[in-house]
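Trainee: Top line first, the protein sequences correspond to chains F and E. 1 is the number of the first residue of the first sequence in our numbering; add one for each residue after it. 1 is the number of the first residue of the second sequence in our numbering; add one for each residue after it.
Don't read these hints as lab results, they were simulated from the structure. The structure displayed is predicted, hence computed values, not measured ones. Among the hints, erroneous ones may be present.
Quick list of in silico lysine-lysine cross-link-like pairs, DSS-like style, CA-CA up to 30 Å [stated by the list, open to error]:
(1) F:LYS117 to E:LYS158
(2) E:LYS132 to E:LYS54
(3) E:LYS179 to F:LYS51
(4) F:LYS32 to E:LYS132
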Amino acid sequence: MIEWLQKNFPAGKNYLVCQKNQEQINSLLMDKLVAPFHAGRKHSLWGETAKQLPSIGRKLGWVPNKMPSIFLGETVELEIADALAAQEKQYQPTIKHIETAKNLLARFNLIELAHRKPVFLSEGETKILWFLTQWVKTPEYLIIGYLPSGLSTTRIKELVDFLIEEGENSDRSFVIILGYHPDNLDWCISILSHKDWKVLPELPE
Amino acid sequence: MMRSLKININFFTILMIGCSATLWAVVETEYLMPILWLIFLSLWIIIREPGEFKMFFRRFSQIGSLLLIISILQIIFRRQGTILVAVHEFPIVFSEGLREAILLWIRFMIFFMLAYIFTQVSLFEFLLFLNKIRVSLQLSLLLLTTLKFIPFMFDEAKKALWALRFRGIEISNLTIRGKYFTFKKLLMPLLFRGIHYASFSSLALELRGYGVLDQVKIPQAYLLKTQDYFVLTAVLLINLAGIFFF
Numbered sequence: 001m002i003e004w005l006q007k008n009f010p011a012g013k014n015y016l017v018c019q020k021n022q023e024q025i026n027s028l029l030m031d032k033l034v035a036p037f038h039a040g041r042k043h044s045l046w047g048e049t050a051k052q053l054p055s056i057g058r059k060l061g062w063v064p065n066k067m068p069s070i071f072l073g074e075t076v077e078l079e080i081a082d083a084l085a086a087q088e089k090q091y092q093p094t095i096k097h098i099e100t101a102k103n104l105l106a107r108f109n110l111i112e113l114a115h116r117k118p119v120f121l122s123e124g125e126t127k128i129l130w131f132l133t134q135w136v137k138t139p140e141y142l143i144i145g146y147l148p149s150g151l152s153t154t155r156i157k158e159l160v161d162f163l164i165e166e167g168e169n170s171d172r173s174f175v176i177i178l179g180y181h182p183d184n185l186d187w188c189i190s191i192l193s194h195k196d197w198k199v200l201p202e203l204p205e
Numbered sequence: 001m002m003r004s005l006k007i008n009i010n011f012f013t014i015l016m017i018g019c020s021a022t023l024w025a026v027v028e029t030e031y032l033m034p035i036l037w038l039i040f041l042s043l044w045i046i047i048r049e050p051g052e053f054k055m056f057f058r059r060f061s062q063i064g065s066l067l068l069i070i071s072i073l074q075i076i077f078r079r080q081g082t083i084l085v086a087v088h089e090f091p092i093v094f095s096e097g098l099r100e101a102i103l104l105w106i107r108f109m110i111f112f113m114l115a116y117i118f119t120q121v122s123l124f125e126f127l128l129f130l131n132k133i134r135v136s137l138q139l140s141l142l143l144l145t146t147l148k149f150i151p152f153m154f155d156e157a158k159k160a161l162w163a164l165r166f167r168g169i170e171i172s173n174l175t176i177r178g179k180y181f182t183f184k185k186l187l188m189p190l191l192f193r194g195i196h197y198a199s200f201s202s203l204a205l206e207l208r209g210y211g212v213l214d215q216v217k218i219p220q221a222y223l224l225k226t227q228d229y230f231v232l233t234a235v236l237l238i239n240l241a242g243i244f245f246f
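Looking at chain F on its own, in the form it has when it is part of the complex (with noise of 0.2 Å):
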């Protein structure tokens, strides 16, 4: 996985791939890392899938449609500092965490979720808070499958904004991959003319 996305996606610059469907990146990860886990009782929670997944993870960041997982933190603001606290290998969120989770919600005016339990967020504030537990892991590649789906148009605008603005920043040094449609491409007009972002016309095999 990781070896085919560094083959096809160098390091460098940010990409927005063309699909066949609104669903085509989407599926292709779904099909490599969340259906092994439901193929059977002892492969999926202990199988080679399952030992190879952590080291996946650390270097892969994904934003589907729909949440493949369960969020484990009570909070929304804990979910986000867990998320931080695990990608510096510790087992518990410190007030450092806390205090960075607090401010990327404030960035995307979603303060008042802090203390909400994911379980009750709606569609599209689900897919942000996946979207900022993946951003906090610094992966080596973000890949968001089809943004526009189930958010409105000002998150979509906040987000592509924010993708624009951190794939500017120097200092990250992890690759975004963006899916599109043809059929829908007023949300990444702004990221098709630019010069940091390289459109691609097709998903690489």
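The hints should help you fit chain E onto chain F, whose structure is shown.
Mentor: Relative to the frame of chain F, chain E by itself:
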């Protein structure tokens, strides 16, 4: 490619098989009847789901090492019957110990097969059966919700483990302290989601009017069919043979 033969069997028939096989497996101290039931249940699975039989053995092998230890303990400490193996005149294996060890494997195989057969019954058929024997709706729903709750929790646990691993946490490499924190991290959302699921299920049921009447007439007949009578006759014959001939 093996094809499965889907025969719709009444829950009452399956219950009779379950009761008879369990009784003989627990009570009988000779080989014949437990082996006969083992063959019967094996044939049952092979005929209905040939592909699952291999899977069944794979699952059974997961507790193989535990059974092996118990069998060895039985062989070592049950020192009754005739001596079968002795080293320098010191008796090692007695006939009673060996018999109990073998019966232990047969019993567990029977229980595993029965558990598998019972899991193949749909919840709706189970509800029809409970309704037929006039079990109150409250108790039926309690039983069904419990049964539905197990796979739900299993799926949720899978999702939680996936989330942990995708965060880069290698559970097997954690220290005891790390495992404790990870377990705590997993347990809380699972409990919360379990309660959430149960409360929403009960709300959905109340909104559909469950609980207004104690007994509900479900407009679907749940009768014994020809294949049920055939299997029940076979069960009866095996039981009679066990009582009178063996």
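Trainee: If a hint holds in the structure, say so; if it does not, say that too.
Mentor: We went through each hint and held it up to the structure:
no.: 1; hint: F:LYS117 to E:LYS158; result: 20 Å, holds
no.: 2; hint: E:LYS132 to E:LYS54; result: 35 Å, violated
no.: 3; hint: E:LYS179 to F:LYS51; result: 16 Å, holds
no.: 4; hint: F:LYS32 to E:LYS132; result: 46 Å, violated
Comparing the model with each earlier hint shows violations of hints 2 and 4; every other hint is respected.
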